[in-house]
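*Asks:* Here is how the chains run, residue by residue.
There are 2 protein chains.
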Amino acid sequence: MSKGEQTRASILARVAPLFNQQGYFGSSLSDIMQQTGMEKGGIYHHFKSKEQLALEAFDYAYAILDQRIRAMMAGKKHAIERLYALLSYFQELVDDPPIAGGCPILNTAIEADDAEPALRDRARGAMDELRATVQRIITRGSERGEIRSGVDVETWTSVMIAALEGAVMLSRLYQDTVHMHRTITYIRHCIERDLV
Amino acid sequence: MSKGEQTRASILARVAPLFNQQGYFGSSLSDIMQQTGMEKGGIYHHFKSKEQLALEAFDYAYAILDQRIRAMMAGKKHAIERLYALLSYFQELVDDPPIAGGCPILNTAIEADDAEPALRDRARGAMDELRATVQRIITRGSERGEIRSGVDVETWTSVMIAALEGAVMLSRLYQDTVHMHRTITYIRHCIERDLV
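Residue numbers (this note's numbering), protein chains in the order written: chain A, 1426 to 1621; chain B, 1426 to 1621.
Be aware that one or more of the hints could be misleading.
[Stated by the list, open to error] Looking from chain B toward chain A, a few residues come up when the C-beta cut is under 7 Å (computed):
no., residue
1, GLY1451
2, ALA1534
3, THR1580
Just so you know, the hints here were simulated from the structure itself, not pulled from any lab data. None of these values were measured; they are calculated from a predicted model. Glycine included, every Cβ here is placed at the ideal spot set by N, Cα and C.
The task is simple: from the sequences and hints, build the whole structure.
*Replies:* Now the structure itself:
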């Protein structure tokens, strides 16, 4: 990495948790300067606008989460084990989040849905990948006989992600991870009953 | 209502959907002036700060939702019918939201959890009431024999609200109400299997 690339990466590493906690609109230029220890000119030398910085900070945060999901699924071949690994990932997202502020897809989806189309598209892209992961696990699991046949893949994907992201919201709102624990316990119960 | 009270109410009615769509931090003073057709001085004559305006706009939005939930439950005595009314309320929240921008509790929870304690406390209070509604329906339903005994009320409350709020997020992110439809269909299936 060149010096410039290093500086760029270091800005993103510092700004990603700021945006994830305070939001795109809630993070002022002075917050960004304080967080990075850089002047305005230095930041805008590397990123042409606050929006550009936010888009790349989102990509940075999402790449870390994506690596985390892959690491937690590594070595797990059975579809049910892979779904449980995804539940553990969401548990970790509230117990010990890889990026301070919780789930950047959730945070960005809520903030950007009506207000910031470029960021909303980033959140959609990341959510598309998360949904594709769940769909793939269930579809392949059915093909291999690890999951019963006839499961409505689209319904399971929407409901599982809705419940887990909603549980992130509740756990963070109350600063109490019990909402995630309960949600995961119930989803495991549904998996055992409807999928196995 | 005095003239001053009327002006105050009219400001809240115009600002509540603005905050619900763009967020507290995403709504600038010039957005607020444009939305209300008033000058800065006129707005600050009625509200001492942007935070005060946001807190009261949240209360205004929540009061409308609360009335809507009560109206949809009116006349429904049986616990299961009341739970289905709550599902219909969430369906309406994405099909034809009473306040533009979706669910103000969800939006405020996500934006304020790390960044704005006074607003976060408002979102917690509203969520407390929504949770209490679900808890009451299940507890009374159990006492009356409309819901089977031994149901874990806390788990049901957390999971049902998590799934529904998460489905609001997905439906708004994709501008596609199918995520809410699927989530409600699956919750009905769980209600019929686990509660009845």
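*Asks:* In ascending order, which of the hints set out earlier in this document are inconsistent with the structure?
*Replies:* none
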